[in-house]
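Colleague: Quick note: the sequence shown uses my numbering, first residue 473, plus one each step.
If you're looking for bench data, these hints aren't it; they were derived computationally from the structure. Just so you know, not all the hints are guaranteed correct.
Said to hold, decoys possible - For lysine-lysine, the following BS3-like pairs were computed, each having C-alpha atoms within a straight-line distance of at most 27 angstroms:
{"hint": "1", "residue 1": "K545", "residue 2": "K522"}
{"hint": "2", "residue 1": "K522", "residue 2": "K556"}
{"hint": "3", "residue 1": "K545", "residue 2": "K556"}
{"hint": "4", "residue 1": "K673", "residue 2": "K653"}
{"hint": "5", "residue 1": "K538", "residue 2": "K522"}
{"hint": "6", "residue 1": "K673", "residue 2": "K538"}
{"hint": "7", "residue 1": "K621", "residue 2": "K538"}
{"hint": "8", "residue 1": "K556", "residue 2": "K538"}
{"hint": "9", "residue 1": "K673", "residue 2": "K556"}
{"hint": "10", "residue 1": "K545", "residue 2": "K621"}
{"hint": "11", "residue 1": "K621", "residue 2": "K673"}
{"hint": "12", "residue 1": "K621", "residue 2": "K556"}
{"hint": "13", "residue 1": "K621", "residue 2": "K653"}
{"hint": "14", "residue 1": "K621", "residue 2": "K652"}
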Amino acid sequence: MSYSEWGRSYAGRSECDCRLCRDSPVRARKDTPPLEEDRYFKRPKVSFSKPSQEMVTFITGPDDNKQTFSVHKSLACAASPFFKAAFESNMLEGTTQTMRLDDVEAEVFGVLVHYLYFRELDDSSFIILEDATGEACDFDFLLLAKLWKLGERFLMPALQNEVVIELLEERDSVSDDRLKKFAVYVCSTEGDPKEDGPQGKLKRVLLEIVAFTEYRSLFTEIMPSLSIDMVIEVAHVLKGYVPAHHLGRGRADIQQDFFVEIQDEELKLEY
Numbered sequence: 473m474s475y476s477e478w479g480r481s482y483a484g485r486s487e488c489d490c491r492l493c494r495d496s497p498v499r500a501r502k503d504t505p506p507l508e509e510d511r512y513f514k515r516p517k518v519s520f521s522k523p524s525q526e527m528v529t530f531i532t533g534p535d536d537n538k539q540t541f542s543v544h545k546s547l548a549c550a551a552s553p554f555f556k557a558a559f560e561s562n563m564l565e566g567t568t569q570t571m572r573l574d575d576v577e578a579e580v581f582g583v584l585v586h587y588l589y590f591r592e593l594d595d596s597s598f599i600i601l602e603d604a605t606g607e608a609c610d611f612d613f614l615l616l617a618k619l620w621k622l623g624e625r626f627l628m629p630a631l632q633n634e635v636v637i638e639l640l641e642e643r644d645s646v647s648d649d650r651l652k653k654f655a656v657y658v659c660s661t662e663g664d665p666k667e668d669g670p671q672g673k674l675k676r677v678l679l680e681i682v683a684f685t686e687y688r689s690l691f692t693e694i695m696p697s698l699s700i701d702m703v704i705e706v707a708h709v710l711k712g713y714v715p716a717h718h719l720g721r722g723r724a725d726i727q728q729d730f731f732v733e734i735q736d737e738e739l740k741l742e743y
């Protein structure tokens, strides 16, 4: 599926067939424009036809667990202004053509390297397969969140957008435990979701997943893992999408919800 096709399918999907999702003008995605491929997924053009291609080296992890990745310099620089500025400078990275990333996990950076060459995420890195059937049974949202943060750090918005697609596509399939880990990580690393710009966008994704998950049990399991600020934000999101008296509840329904019924036995008491 191309990015534009995914944008159109996501724009037209309905959460469910209940009256709220069917009638709400806010949650209905039919009027949402498709994703603009050039705007969100622009691909740099790199030629490997020339001989003697230069390579750069990335060393990830602490000294006791270092992992080394060799990448074509032209590819790394085309995909990331951060890498380009570093490797074409007079600083240590420019003179040695090597970048140390002590705080980056090799598992996560390896997915980034795969993306550099193939312009797609390596499914095997975050899809958990069932041993018996070989079918997908869970999704490593924590790894995807860390990959999104690398995209932010190295100025690779197209990579970040690829991650967001996976998070939204599999939001109703991820297990409670892995979604909790994702929620805790996002709450501890992301900025205010109400801010403009890239800061807080991953937290907005978390808000979308938690507030509109298909399964109520998943919602109730995740809420205790969120900070109080995030819980308040979830409440604000839901309030904004549910107009007052949207479900057309009658006066009798309201009475049943808020007033205490008097039992017949209580009326027979004698004083």
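Colleague: Are the hints correct? Go through all of them and say.
Modeller: Hints and how they fare:
1. K545 - K522: 13 angstroms, holds
2. K522 - K556: 19 angstroms, holds
3. K545 - K556: Satisfied, since the Cα-Cα distance of roughly 8 angstroms is no more than 27 angstroms.
4. K673 - K653: OK: K673 and K653 at ~18 angstroms, within 27 angstroms.
5. K538 - K522: 31 angstroms, violated
6. K673 - K538: 31 angstroms, violated
7. K621 - K538: Since the Cα atoms of K621 and K538 sit roughly 20 angstroms apart, the hinted pair holds (cutoff 27 angstroms).
8. K556 - K538: 23 angstroms, holds
9. K673 - K556: 25 angstroms, holds
10. K545 - K621: Answer holds: K545 to K621 is near 22 angstroms, not above 27 angstroms.
11. K621 - K673: Holds, at roughly 11 angstroms.
12. K621 - K556: 18 angstroms, holds
13. K621 - K653: Holds, at about 15 angstroms.
14. K621 - K652: 18 angstroms, holds
In summary, the structure is inconsistent with hints 5, 6 from the numbered list given earlier, while agreeing with the others.
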